[in-house]
Structures are given as C-alpha cells and as structure tokens.
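Student: Below are the chains, spelled out letter by letter.
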Amino acid sequence: MKSFKTLGLAAALMISGASLATAQTALEGGQEVDMVLLPKFLGILVFDQANEGAQEAHAELENPGDLLFVGPTPENSVAGQIEIMTTSATQGQGAVMLSNNAGDQIAPAAQAAQEAGTRVVTWDSPIPGGEGEDVFVAQVDFGSIGVVMADMAHSILGGEGQMAVLSATPDAANQNAWIASMQEVLAADEKYAGIELVDIVYGDDQAEVSYNRALSLVDQYPDLGVIMSPTTVGIQAASKAMQDEGLCDQVKVSGLGLPSEMVSYTMNGCAPEFALWDFRDLGYLTYYTAYGLATGQLVGEIGESFTAGRMGDYTIEEDPGRPGAKRILMGPFTVYTAENVEAAAQ
Amino acid sequence: MLRLMDRLNPQVLRILALLAVLVAVILFFAAVVPNYLNGRLFNRVSSSVAIMALIATAQTLVIITRNIDLSIGSTVGFVAFATGSLITNNPDLGPVVLVLYAMALGAVFGAINGLLVAFARVPSIIVTLGTMALFRSALVEYSDSKSISTANLPEWLVSFPNTVLWQWGQMQFRAAFVAAVVVVLIVHVALSRLRAARRLYAIGSNPEAAEMAGIDTRKTVFVAFVLAGALAGLGGFMFLARFGTITVVAGLGFELKSVAAAVVGGVNIFGGSGTVIGALIGAILVDLIDTSLVRWQMVSEFWREAVLGILILLSVAADALLMRRLVAARAAREHRKAEERIARELAAQAQGPAP
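So the sequences go chain by chain: Y and R.
So for the first sequence, the numbering used here puts the first residue at 1; every next one is plus one.
So for the second sequence, the numbering used here puts the first residue at 347; every next one is plus one.
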C-alpha cells in the first residue's frame, strides 16, 4: 500500500513539475513541422509583411519543415479559405495560421482539421465563435482599438461633431469587433458626448467601392466631420476621394492605415491622424505560437507562458471579447501624425 | 406624338424607354432621400460611370455576337496594375504611350479569349470563366503583393479624371466622363455605319445564316474579343487614373456589373441586337441605383445587393413592357391603317365598275 502512495505522490509531483515547466516555456528550435500561413486573400501588402515576419521566425527556429504562404484569390476568399483549411488537414500540416475572412462558416473545417491533428492558430481576424480555434494572436487589445479610434475622432473633431465609419466587409470579424468596441467607448465616457456616430457603411476592401461609399457619406451628412475607416484599403480610398473632391477642409479621414500609403494624405491634412501595428511582428509572434503548439511544447491552456524570440514573453489568456476563447495579446500600436509618418513611410 | 413614334426605329424607342425609367428612378429617390437632387449627384454618378461605361461597351461588343466575357474584370485589374507599374518605373512616359500600352495589353487578353472561343470552339462562358481566374491569379503573381500607390504616379495622370472641362451650375463635366462618352459615341457610330461592324449583329442573330452569307464567323468573333479587350484595357487605364491605388482586387466584380449594365441597357443576352448607347444608359442606371441606395436609410447594408437586384429586374421588366406596348401599339395602328386602306380600295373597286 505504502509503495502505491509513494507512486501517487511521485506522479502528483511530476504533474505539478510539468505544469511548472510549461508556465514559462523557452521554445526549442530545430523540430520538423510543416505549417501554413493563410491570409484573408493574396496580394495585400500587410499580409505579405506578416509573411515576412513568419519567415523570419521560421529561419530563427531552424525548422527543417516547410512554411507555406497560401491564400485564396480575392474573389474567392471565403470558399477558398475553407478549402485551404480542409486541404491542409488532409496533408497533415502541423498548424494552420489563419487570418479569418469567413466568419463562423470556417468553424466546421477548422474543427475537422483539429481532429486530424492540425493546430489552428488565428491572427489578425479570429473565428468569431472561437470554435475550431486553438488560440488567437491578437495584434492589439480589441477594446483598446475602440479607445484609440474614439480618441483620434475626438482630437480631429475638437470634441464635437459627426463621425461615420467606413469598414471592410459586413462580416469581417476583426473590423466588426473594433467598431463595436468604439461604440461602447463612445457611449460609456462623458468625454465623447459631443461625438455623434451617424452611420456605418462597408467598402468591401475594394478601392472603387470604398471611394464611392465615402463620397455618399459626405452627400448624405452635410455636417460630417470625420470618416473613420478601420481598414487600410478604406482609409486610403476615402482620403483620395476627399482630396479629389476638394473636401479635405470639411471632412477628415482617420482609422487604421499603412504609413507608406498614407504619408501624402497626412502631410496635406486630409488624414491628420491614423494608427496601426506592425504586421511583421504579428506574423513573427503567430509563427512562434503555432510552432510551440504544433511541436507539443505548448498545450494551449490559459496561463501558459512562452518566450517568442526577439519579442519577449507572452501568455495565453482568456479573450475578453469572446467568452470561452483564448488569445495572446501582442500590442501596442502606433498613432501616426505629420510628425512621425514620414520616418515610418521609408 | 404617335406619328412621331411610328417614324422612330425600335432601338431609339428602347433608349427613350430607358430614359423614362432613369427619370422615374431619380424622381423616386428624390422623394425618399433628403437633399438628393443637385449638381453633386451628377458629378458623383458621371465620374463613377466613366469607367463602367467603357467596360459595358466592351461587354456589349461581345454579347452582340452571342458570347460573353466574364474575364473582363480581371483584365481591367491586370491592365490597371501593369500600366501603373510601367509609369511608376518610367515616370517620363507620355499619355499617348501609356494609353496605347493599356489598350494593347487588354487586346492581348482579349485575343487569348478570342482564340479559345472562335478557333478552339469552346463556349465563351466556359473560356472566360477560366480566364477570369487565370488573369486574376496572374495579377496576384505579377503584383508580388505590392500595390501601386498614388504617390508614385505623375501629376497629369492623377489629375486627369477630375479636370473640369466645363461647368453648368453645380454640374461639372469632367475629363474622364467626357472621354468615356466620346469613346462610346465613336463605337456607336462604327457599329451602326460600318459594314464590317454589322457582321457582329449578323453572327449574333443567326450564326448559320451569317456563315452561309459568306461571313468569316471565326475571324469576326475573334476580332470582337480583341476589341473588347482593348476597350477593357482603356477602362483599366481610367481605373488607374481615378483611384491611383491599385491592389489585386482592382476590377473585382466588374464582369457582372458590365453584363448588368448591358442587359439593363437593352442589349439582348442572346446576341444580335442592342446598342452601346443603351449600355451606357444601363451603366448610368445601375450606378445611380447603387449610389442612391447607400443614401436610402430604409435599406440596410445587408439588403442593398438584394434591392439592387430587384430594381434591376424591375427596370428590365418595365423597359420590356414599355417596349412591347409601344411596338404593339404601332403594329395595331399599322394594322388599322392597312385595314382602312383595304376597305377604301374595296369600296373603290365596288364603286368602280357600277356605272
């Protein structure tokens, strides 16, 4: 009997030892695992930057396996993502890193992939319901994006005026979450009482649609002061539309944009302030996370901590925006103005 | 009034019917959208339709021959990107070279479609469905995930579309719109006056008869695709000038919009009839409805596409009904006149031999 007790004790010690070990994992490189980086669709600069970051991590961890950057063509984004997810599972990929553009529609395919032993790590845009997802690598806290966007609107409008939102597609999970968080911030804080959110329209992440939607907003709301566009395509198209029609004095543009694409509009005053995070870092951190999970060095439990190379320590935590889902928070992001945009655009 | 209508040919009647629908749509939105009817509306729709007018014209050329070009949106996107890339790397190139480059590139894409449809005898809907994906993927590959940025384009190119040529009140006639209308008019005159162009209609209305009449149907269909490609290339150039920023999604969905514009504009989807003027008005109608729906608070984002679809169906139906009514009324009048004439002749005959 006594020996059994000792065995039990030893086992308990071993388990607690194991959990202590996972509490701060330094990921060990050199293990072979094939992985897929799956963006919303191909041909958009920020996704390519994420790929650069992932490739950097891939080289750093000396993974002898393959890192594939595959995505659907733009007109086939939703169906294409689901198909690639399914194919990756069939191929026995170690992990799929997904910037989800398919809403919850991708969940069955992602769950099937998990059952086949493929880890599913989302980045940039999560699976809204959290089904079929191991963990979401959040670029910034979705709640804090709301605060930053509300603050930029506040500073552009001088605290008082009308704002409209020009988003990407109506079912983009990340943009919808950011807009919702901005609406909460606007409603909750007395500071923003003078800002009226008059409309939310969608430009489908296409230049021509976004351009026309921005102009329609100006026509519809003669007192509009700022167009807030939480997408790099929308913010740029809206800025161009305001510039082309000579409306920059009247309507400013803000939101999330790439410095290299926005520099001229920031310098001429059409888009005085906008924000973004580093997509290379996002790709890098996502790769570390997926590698850890796929090689079994990470389990994917809340509270698990690991070191992601040059970026330092990260912890898996509960996602405050999506009950039951897990996330790793990257943050922070940079607000660009006429003072720092030129340096960042180089 | 009725007599005037008798003298007009059916194509002109159709265009009049379309204009009536256009006015009805404007009046409807003026009633439900505050602050709607003004010069700015004209500026918005005219600037935006300048691109679609060219693409709908290209689509019309192909549809008349009983074919369809679904790859046209991808062609526009690729040409816009490649032309932008050319001018970014060679900023000193002049407008003429750039336009010719865009049109030549478009013509090459058109020739690929034309070869497969006319000579390999594969149905155009299948060929262009394939090339739609092919050209788009080629663009994704060619672009290398870069995008064309307005900042790297020469000033003349970026300012061209919005240059105001003349102004009437708040209404501005801008260079892009005027250029597009001029191109549409040239194609219209060519289609209605040139003997060679009439072959397109002949093939569309009856390919076998056209062949028996000695028309080289293969060559003609091939040429139609090449011309459509060149016009789509010109559309790509205009797209680049207007938006400046070109990513791989440029021109996405233009294939269906151009088919919608052509069909709304009275171009018969089974070939053989239709005018590019009609397609131009169709493009204006679709764009007007799209622009106006955004401003109509009743319709939420998720229903807009559906409402646009319903309005397109309604305007096509209204146009068809109106046309049928007019044609029937005319036939009835002609019938009545003929009866009267016969009655008079009979009466004359009856009177004739009596005395």
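Keep in mind the hints are simulated off the structure, nothing from the lab.
A portion of the hints provided could be inaccurate.
[As the list claims (entries may be wrong)] Away from chain Y, derived, C-beta distances all over 10 Å, residues of chain R:
no.	residue
1	Gln357
2	Ala366
3	Val369
4	Asp438
5	Ala457
6	Arg467
7	Pro469
8	Leu485
9	Thr496
10	Ile532
11	Ala674
[Stated by the list, open to error] Quick list of simulated restraints, FRET-style, between CB atoms:
no.	chain 1	residue 1	chain 2	residue 2	range
12	Y	Gly246	R	Lys492	21 to 31 Å
13	R	Gly515	Y	Asp249	47 to 57 Å
14	Y	Gly269	R	Ala536	39 to 49 Å
15	Y	Gln183	R	Gly515	46 to 56 Å
16	Y	Gly246	R	Asp490	29 to 39 Å
17	Y	Ala193	R	Tyr488	46 to 56 Å
18	Y	Glu83	R	Ile656	47 to 57 Å
19	R	Lys492	Y	Glu184	30 to 40 Å
20	Y	Leu68	R	Pro469	32 to 42 Å
21	R	Tyr488	Y	Gly331	42 to 52 Å
Glycine included, each C-beta is placed from N, C-alpha and C at the ideal position.
Student: Confirm or reject each hint.
Tutor: Right, here's what the structure says about each hint:
no. : hint                               : result
1   : Gln357                             : holds, 31 Å
2   : Ala366                             : holds, 25 Å
3   : Val369                             : holds, 20 Å
4   : Asp438                             : holds, 21 Å
5   : Ala457                             : holds, 23 Å
6   : Arg467                             : holds, 27 Å
7   : Pro469                             : holds, 21 Å
8   : Leu485                             : violated, 7 Å
9   : Thr496                             : violated, 6 Å
10  : Ile532                             : holds, 25 Å
11  : Ala674                             : holds, 39 Å
12  : Y:Gly246 with R:Lys492: 21 to 31 Å : holds, 30 Å
13  : R:Gly515 with Y:Asp249: 47 to 57 Å : violated, 22 Å
14  : Y:Gly269 with R:Ala536: 39 to 49 Å : holds, 47 Å
15  : Y:Gln183 with R:Gly515: 46 to 56 Å : violated, 40 Å
16  : Y:Gly246 with R:Asp490: 29 to 39 Å : holds, 35 Å
17  : Y:Ala193 with R:Tyr488: 46 to 56 Å : holds, 50 Å
18  : Y:Glu83 with R:Ile656: 47 to 57 Å  : violated, 32 Å
19  : R:Lys492 with Y:Glu184: 30 to 40 Å : holds, 37 Å
20  : Y:Leu68 with R:Pro469: 32 to 42 Å  : holds, 35 Å
21  : R:Tyr488 with Y:Gly331: 42 to 52 Å : violated, 35 Å
Of the numbered hints listed earlier, those contradicted by the structure are 8, 9, 13, 15, 18, 21.
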